[in-house]
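J.: Same order as they appear, the protein sequences are chains A and B.
First residue of the first sequence: 205, per this note's numbering; consecutive thereafter.
First residue of the second sequence: 205, per this note's numbering; consecutive thereafter.
Hint data in this document are derived by calculation from the structure and do not stem from the laboratory.
One or more of the hints may lead you astray.
Which copy is meant is left open, because identical chains are indistinguishable; a pair holds if it fits in one copy or across any two.
Straight line, CA to CA, 30 Å or less: simulated DSSO-like cross-link-like pairs of lysine-lysine [to be verified]:
id, residue 1, residue 2
1, Lys436, Lys776
2, Lys949, Lys370
3, Lys697, Lys902
4, Lys782, Lys454
5, Lys311, Lys921
6, Lys454, Lys902
7, Lys506, Lys902
8, Lys829, Lys333
9, Lys922, Lys710
10, Lys892, Lys454
11, Lys424, Lys370
12, Lys674, Lys436
13, Lys311, Lys674
Protein chains: 2
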Amino acid sequence: MSKFAVATLFFTVFISCLTVLKAQEASTPSSFVKPLIGTNGEGNTYPGAVAPFGMIQLSPDTEDVLWETASGYEYSDSSIIAFSLTHFSGTGIPDLGDIRFMPQIGKPWLVQGPKSNPDSGYRSAYSHKNEMASAGYYSVLLDDNNVKVECTAAERAGMFRFTFPKTDSASILVDLSKSLRWNTIWSNIRVVNDSTIIGFHAVNGWAKERYVFFTAVFSKPFDSYSIMSDGKRVFYNGYRFRSSSEASGKNLQFIANYLTSNQEAILVKVSVSSVSTENAMQNLAASIKGWEFEQILANTRKAWDRELGKIEIKGSQEEKETFYSALYHAFLTPILYQDVDGRYRGLDQNIHKAEGFTNHAIFSLWDTYRATHPLFCLLQPKRNADMINSMLAHYDQSVDHLLPVWSLCGNETWCMIGYHAVPVIVDAYLKGIKGFDAERAYQAVKKTAMNPDYDNVMTYAKLGWVPCDKENEAVSKSLEYAHDDFCIAQMAKSLGKTEDYDYFMKRAKSYKNLFDPTLGLMRGKDSRGNWRTPFSTHEYVEGGDFTEGTSWQYSWYVPQDIGGLIELHGGKKPFLQKLDSLFTFNDNTSSNVDDIQGRLGEYWHGNEPSHHIIFLYDFAGEPWKTQELVHKIIRTQYGNKPNSLSGNDDCGQMSAWYLFNAMGFYPVCPGTNYYAIGSPVIPEAYIKLDNGGIFTMKANNLSEKNIYIQEVTLNGKKWNKPYFFYSDLKNGGVLLFTMGPKPNKKWGTEVNFGELETSR
Amino acid sequence: MSKFAVATLFFTVFISCLTVLKAQEASTPSSFVKPLIGTNGEGNTYPGAVAPFGMIQLSPDTEDVLWETASGYEYSDSSIIAFSLTHFSGTGIPDLGDIRFMPQIGKPWLVQGPKSNPDSGYRSAYSHKNEMASAGYYSVLLDDNNVKVECTAAERAGMFRFTFPKTDSASILVDLSKSLRWNTIWSNIRVVNDSTIIGFHAVNGWAKERYVFFTAVFSKPFDSYSIMSDGKRVFYNGYRFRSSSEASGKNLQFIANYLTSNQEAILVKVSVSSVSTENAMQNLAASIKGWEFEQILANTRKAWDRELGKIEIKGSQEEKETFYSALYHAFLTPILYQDVDGRYRGLDQNIHKAEGFTNHAIFSLWDTYRATHPLFCLLQPKRNADMINSMLAHYDQSVDHLLPVWSLCGNETWCMIGYHAVPVIVDAYLKGIKGFDAERAYQAVKKTAMNPDYDNVMTYAKLGWVPCDKENEAVSKSLEYAHDDFCIAQMAKSLGKTEDYDYFMKRAKSYKNLFDPTLGLMRGKDSRGNWRTPFSTHEYVEGGDFTEGTSWQYSWYVPQDIGGLIELHGGKKPFLQKLDSLFTFNDNTSSNVDDIQGRLGEYWHGNEPSHHIIFLYDFAGEPWKTQELVHKIIRTQYGNKPNSLSGNDDCGQMSAWYLFNAMGFYPVCPGTNYYAIGSPVIPEAYIKLDNGGIFTMKANNLSEKNIYIQEVTLNGKKWNKPYFFYSDLKNGGVLLFTMGPKPNKKWGTEVNFGELETSR
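So that you can see chain A by itself, here it is in the shape it has in the complex:
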């Protein structure tokens, strides 16, 4: 076979795929999606194929140990271990990466081999020039064996296309023994016919007990196959029968062997289930009928266009790529987590059927309550209700009578702090999102906030703060509880529960107890009321009073009572002075949190506690500083490159921050109905609401230099407040900015704190 022949064939395959993509590309939103954004550095996204909120994510893994490569793929790695079926988008902790597939040529490797020597395992070198990632599609050429791998995915199933050179020793390895970072507890596999395998593995990882059942149907019957257990073939040995078609164990692999002709494509349809292999097979049958790779891709692209088309924007290619990729990343998690028959494995490890809703999983709530779920209120109201119902099902299944904290496919990880299912539920409730039972939700919200065992919540309720001698991260917890409690109060009020309103509003003021006026910062207090001493304002202490940061990031966390916080500082002037210093001061003592980047002084955009801070200028009379900072952050920490995300995307929160801000506003306090106005970075956006309304944002005169708001009209009226309300956009409307190169310091100074508390 000449090199020319190979090249020609590759070109043909490449073209056939491109044809499909090109046909749709013209100007559809999905054509701007660059899944590789965030794969280099801290973003922790993955480049693989996935449908919107899809249950299965076919994606390459380059790393399976390092904490900082939680999605399995790091752009700067030069070899791919394999392609697995499930992936996190943007988390800070690795897990998933279930059930690996890897094509090989020659004697199949059973070990993956280290990065330093990809040739000593099934791992293969690859080059970004032979890699292509788009919405619903990923392909790469494996340099080690000249096999092209393509992935696409439907809702509950996906397809690999492995294009082999001519060889008598092609094989496809399915490795059940691995996941990202953690341990396989157990697995089994069965070869049910000449081209189909089923199996499962259970993983004890970040999720303490997680079951992934799968099936894989190969387009070509195996020439031969073997199951390997602990590296040895499982087969009948002439004594008493032992099946060569099934095995159980901790370390199982399956190898399908093939003789291939030149550029022969072998397709593998795959699906997963949390319930059973039977359900995995049903999911596959329901999701993918035939063998048309291009058709599956085309359908998924349509689905992406439908979802991404909910916002139409004008802007440059780079802006569109940045914007639609952010929207794509925001629309990945929480994932669909129920089989085609509605069943899923719940928190109690029993199999439940979702009745009247569609169950979702992977709730990174400490992150996503801030902007992701508020974004869903606008763009995914039905799905947001599904997510709330999923959280209520979790609550019902919880022996601890708690809503999810950081839930992961039928597991609670107890990761991060607070009870931030609350703001998600309350925000949706206050915005009139239909589809969940408000009274039931309220009971869950209240019960969660009254749990006598959870993280000293009830001590906080009694004392007014989480005592730092009893509990780690006591200041961060106190502050976040206070906001959550504010949310409960709002819902209580709306439901006519006046006593509860008063009770939780009292708790919502707890932040005041931790403000040290001598420092102008929040500070730990012990159970006797004494300040944390000694107290280093800047140094991060692991297991100290602050969560992934210092008092500098956390001292601003009073979204529910910004006026109150300003008062604590003694008024706007000292408040602004302090706030200004946040963006300039940095003594670099926080060495233990070097995975949090995007730093402007002590403002750390790469992590969520900072996400609302720049909008505080709005409420202290200097909205032009908010405007400046929006542009600064977006210019330096977002973009269309693999390294464009400064921090973990955290299941879409970093992206959701961008999306709101690109359009000029931000939900600074979930659980209220107002948005703070920032400064738009794209010239036009049209939000197509579910009710048919369109909310239009236009920024006249916007340019790289014209980043300051000169004036605003909202629904035809001049608007001088640095915020507006959900009611101003929920049926559609027009937000018109006029931009200029210099701050208009008079604009946006009209603040009425009284109207910010929704239910008041």
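With chain A's structure known, arrange chain B on it following the hints.
T.: Same frame as chain A, but now just chain B:
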């Protein structure tokens, strides 16, 4: 507390229980059951509480490592480890022993402690004088802490009653980390309220992957509780929440703590499921409503009386105890293996629902096809059909397209040889047992016997023997396949499949190929047709040509063609000479099989390959020798003592052998409709058939000396054949023996081999 007070209280409790038992005892069959029979030595039965064919078996474990204590309990042990929920009856390999319960006083032990020092763990000394076992009931006083433990069981749930002395440190340990001999893969536990726990463990043991879900409801709310993981308490540590009410891991234990008053009884209701904890809870709710220990016991005793009452006998106390205990042991396995909703975990690890039948599990087919299932044809026809449907479901779920060989709760162990689901199915089919689809069963039977991968079956089919150079246990396999094939032929003939009949009858003659006329014994042959050389007739070789024995036991295995075997020997005279020598010769070279006892020369009654041999005398003109040997074996190897079983009861086969023979006949060739006549050891028996007919057996003049048949009348006619037919008893009838002290060598010499093949 005085010793006197304790004694009085114990007496009261003891009396209350005795009252229940006494009320029923008068003369009900269950009152004669002594579950301890077979617990001392090789019998491997368990003494605990169980309902007929019950899904749960609450029983004490004294040993969890040794192979030879497969049921967990050895009578000669002087300490009890704990009480677990599941047990084998009579197997040769340990497994089960799932989910241990153990009451303690003082600081709870988390380790069991060795037999040599029961005080160094939760294991407790006990004495047989404080132990009581009867049908559905077991109790013992634990000497270490003076706690009385009682167990009773319904179909899918059981109850413990722990009677404590007055103490402030009572506790009940639930240990999920152990089973009999094998490894826990994983487990989880949840405390769902103040008195209920649920959980599961998965075991990789004899069954490669077995899941036991359970629930336990305590009659008294826990004063406090803890979950231990790897010996450390699982609880919230002040950092971020970790539930103290649930855990997952490999080594989990739960401890319920109580302050108890003197002689306070704490009851624990328990249930199991192969499906889920939800199903375990449903099973419990359906099986046991309230807290009346005595009522549960009374119901189970009624159930036992109903089942055991299917045979009424006359005889001495010892005879009744021996007989009804054997019937009890025969009615334990295969166990009920489906939840109250009909669901169970199948061979493919998917959850199946049994439609139109009741699923059963634990098929020790190499043993039970011989006499246990033939006994079920008479006494449990409906349940036998359920068992056959269970085997067909297994077949449907088998990737290897095989009926069960030795199946264990959703697992195939591949233990022992042959395809003996076949004689079970064919025997039931030929006897007209209703309730399964004959054509479907035939397809499964045939497919199983034609499997190209299973133990060289197809090589045997081609060559006429299993070649000993290709396969271990080649002679035993050849001989047993030949009988199985005979059975298939009978079913084929009955279904009008003449070609199949001819084909399998040809295979059924394969035994002839391995008869070495120079030795008068069966001998291995290699794939080129050469005899095994060198060949030791008596020495057992592990992995040699014979299964758990030597040529001496196996050379008689031609139940399907006894006439043909006699011919091979050159006629009755040389045949009888050889057969006589079996019972006298023993060179003790078979040292590797010392767990098989009950030896009369080279006849080893303690293992199944010998079970049909003594009836060969019937067909060679010397039925008086059969008669003599029946009495000799029953006198020396059965009885009412813990050590009365000479070999593994093997899920009822040893007991079923006794039951038939006690009544004077035996199904020497399953898959035919005749019974060989032996010699009754009880004077009267009345078999109450499902169709309302009663089959009466009377043995006039029977005594310890009068063991020889003088004459027989069958249904009123003089009977001189040493066998009779299923048709003679199936609608009821009378078999009347007249016994005497000397053989009547003329009786029973009328043999017509032609009429023995059923379908002929």
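J.: The structure should be examined with respect to each hint, and the outcome stated for every one.
T.: Quick rundown of the hints versus the structure:
1. Proximity of Lys436 to Lys776 under the C-alpha cut-off of 30 Å is found in neither arrangement, the shortest distances being 72 Å within a copy and 53 Å between copies.
2. Taking CA atoms no more than 30 Å apart as the test, Lys949 paired with Lys370 passes in neither setting, with 70 Å inside one copy and 80 Å between copies.
3. Proximity of Lys697 to Lys902 under the C-alpha cut-off of 30 Å is found in neither arrangement, the shortest distances being 36 Å within a copy and 87 Å between copies.
4. Proximity of Lys782 and Lys454 under a CA criterion of 30 Å is satisfied in neither setting, with 56 Å inside one chain copy and 52 Å between copies.
5. Taking identical chains as interchangeable, the C-alpha atoms of Lys311 and Lys921 are never at most 30 Å apart, the minima being 73 Å within one chain and 76 Å between chains.
6. In the homo-oligomer, the alpha carbons of Lys454 and Lys902 never lie at most 30 Å apart, since the shortest distance is 58 Å inside one protomer and 59 Å across protomers.
7. Proximity of Lys506 and Lys902 under a CA criterion of 30 Å is satisfied intra-copy only: 27 Å inside one chain copy versus 83 Å between copies.
8. Taking CA atoms no more than 30 Å apart as the test, Lys829 paired with Lys333 passes in neither setting, with 41 Å inside one copy and 89 Å between copies.
9. In the homo-oligomer, the alpha carbons of Lys922 and Lys710 never lie at most 30 Å apart, since the shortest distance is 37 Å inside one protomer and 101 Å across protomers.
10. Taking CA atoms no more than 30 Å apart as the test, Lys892 paired with Lys454 passes in neither setting, with 49 Å inside one copy and 51 Å between copies.
11. With identical chains, the CA atoms of Lys424 and Lys370 are at most 30 Å apart within one copy only, with a shortest distance of 15 Å there and 72 Å across copies.
12. Taking the shortest Cα distances, Lys674 and Lys436 sit within 30 Å of each other only across copies (21 Å), while inside one copy they are farther apart (52 Å).
13. In this homomeric assembly, Lys311 and Lys674 come within 30 Å of each other (Cα to Cα) only across copies, at 28 Å, whereas the closest approach inside a single copy is 58 Å.
Hints 1, 2, 3, 4, 5, 6, 8, 9, 10 from the list above are not met by this structure, while the remaining hints are.
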